[in-house]
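Participant: Between the sequences and the hints, there should be enough to build the whole structure, so can you do that?
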Amino acid sequence: MLIEQPPMWLRWLYPDAMWRLDKMTRAVYLTFDDGPIPEVTPRVLDILARYDVKATFFMVGDNVRKHPAEFAMVKAAGHRLGNHTFNHIGGMRHGIRSYINNVDLANEYIHTDLVRPPYGWLKWEQYFFLRRRYQLVMWDLVTRDYSKLLTPEDVLDNVKRLARPGSIITFHDSLKSQDKLWYALPRSIEWLKSQGYAFRTLPVKHPEMLA
1 MLIEQPPMWL
11 RWLYPDAMWR
21 LDKMTRAVYL
31 TFDDGPIPEV
41 TPRVLDILAR
51 YDVKATFFMV
61 GDNVRKHPAE
71 FAMVKAAGHR
81 LGNHTFNHIG
91 GMRHGIRSYI
101 NNVDLANEYI
111 HTDLVRPPYG
121 WLKWEQYFFL
131 RRRYQLVMWD
141 LVTRDYSKLL
151 TPEDVLDNVK
161 RLARPGSIIT
171 FHDSLKSQDK
181 LWYALPRSIE
191 WLKSQGYAFR
201 TLPVKHPEML
211 A
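For the sequence shown, our numbering gives the first residue as 1, with consecutive numbering after it.
Calculated from the structure, these hints are not laboratory results.
Treat the hints with care, as some may be off.
Quick list of in silico lysine to any residue cross-link-like pairs, SDA-like style, CA-CA up to 25 Å [what the hints assert, rightly or not]:
| no. | residue 1 | residue 2 |
| --- | --- | --- |
| 1 | Lys160 | Arg26 |
| 2 | Lys160 | Asp22 |
| 3 | Lys205 | Glu39 |
| 4 | Lys54 | Glu39 |
| 5 | Lys54 | Lys75 |
| 6 | Lys148 | His88 |
| 7 | Lys160 | Leu10 |
| 8 | Lys75 | Arg200 |
| 9 | Lys148 | Lys176 |
| 10 | Lys205 | Phe129 |
| 11 | Lys176 | Arg26 |
| 12 | Lys123 | Arg144 |
| 13 | Lys123 | Asp62 |
Just the calculated beta-carbon pair ranges, DEER-fashion [to be verified]:
| no. | residue 1 | residue 2 | range |
| --- | --- | --- | --- |
| 14 | Arg131 | Pro7 | 13 to 23 Å |
| 15 | Asp157 | Ala72 | 28 to 38 Å |
| 16 | Lys123 | Tyr51 | 31 to 41 Å |
| 17 | Trp124 | Leu162 | 24 to 34 Å |
| 18 | Tyr183 | Lys66 | 21 to 31 Å |
| 19 | Lys205 | Gly78 | 11 to 21 Å |
| 20 | Asp157 | Lys23 | 17 to 27 Å |
| 21 | Asp157 | Glu208 | 36 to 46 Å |
| 22 | Tyr51 | Arg164 | 15 to 25 Å |
Backbone N, C-alpha and C fix where the C-beta goes; we use that ideal spot for every residue, glycine too.
Facilitator: See the structure below:
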């Protein structure tokens, strides 16, 4: 549960980050981390299009550099873009200067106001610096579709057990997640729709960063 749905004490560490949005509105916010890659991202886009769902993609800058066609596909489909650093680096292993430089390098390719730190951890000085320029986004429910310990059914069950109004739900358009993703993503969307949930993209807080 600590991973799938972070407790309040963890959310308090980064109080200005988005963890969950309006608790009174029956809507959820699908997000995808780690892409874009040609083996996975286009099929994710096909699934989302089939259900007329928009999502937010937190992209690794180096993947955008290597796969510009897939990046263009996400933009053309009208999905929201997010920054997941240039090299998918963890804040705890880097100083403030190298970490911020990595985020900014990614944003030269992505052009977004949203940043999600890989692994969900930042040093406080990194957090306080980034929050002045970007909207930091964490999650209310991470499906753990990347885990070798979970089955595709387990991933779907995480969504059914833990989704709630305002949930920011995290999947991954990555190679290690794809087998579970093909099973769990469409079934998750179908189940959420059957429960009356709408699908929204994350709001814009810093429009000047989108140019």
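Participant: State for each hint whether it applies.
Facilitator: Right, here's what the structure says about each hint:
1. Lys160 - Arg26: 14 Å, holds
2. Lys160 - Asp22: 19 Å, holds
3. Lys205 - Glu39: Distance of about 32 Å is beyond 25 Å: violated.
4. Lys54 - Glu39: Holds: lysine 54 and glutamate 39 sit about 20 Å apart, inside 25 Å.
5. Lys54 - Lys75: Distance ~11 Å between lysine 54 and lysine 75 Cα, so the pair holds.
6. Lys148 - His88: Judged against 25 Å, a Cα distance of about 20 Å means the pair holds.
7. Lys160 - Leu10: Given pair lysine 160, leucine 10 holds - Cα atoms ~23 Å apart, limit 25 Å.
8. Lys75 - Arg200: 16 Å, holds
9. Lys148 - Lys176: 8 Å, holds
10. Lys205 - Phe129: 16 Å, holds
11. Lys176 - Arg26: Roughly 31 Å between the alpha carbons, so the hint for lysine 176 and arginine 26 is violated.
12. Lys123 - Arg144: 23 Å, holds
13. Lys123 - Asp62: 23 Å, holds
14. Arg131 - Pro7: 13 to 23 Å: Holds, at about 21 Å.
15. Asp157 - Ala72: 28 to 38 Å: 35 Å, holds
16. Lys123 - Tyr51: 31 to 41 Å: 39 Å, holds
17. Trp124 - Leu162: 24 to 34 Å: 28 Å, holds
18. Tyr183 - Lys66: 21 to 31 Å: Hint holds: Cβ distance 27 Å, inside 21 to 31 Å.
19. Lys205 - Gly78: 11 to 21 Å: 19 Å, holds
20. Asp157 - Lys23: 17 to 27 Å: At 22 Å between Cβs, range holds.
21. Asp157 - Glu208: 36 to 46 Å: 41 Å, holds
22. Tyr51 - Arg164: 15 to 25 Å: 20 Å, holds
Violated hints, listed in ascending order, are 3 and 11; each of the other numbered hints is respected by the structure.
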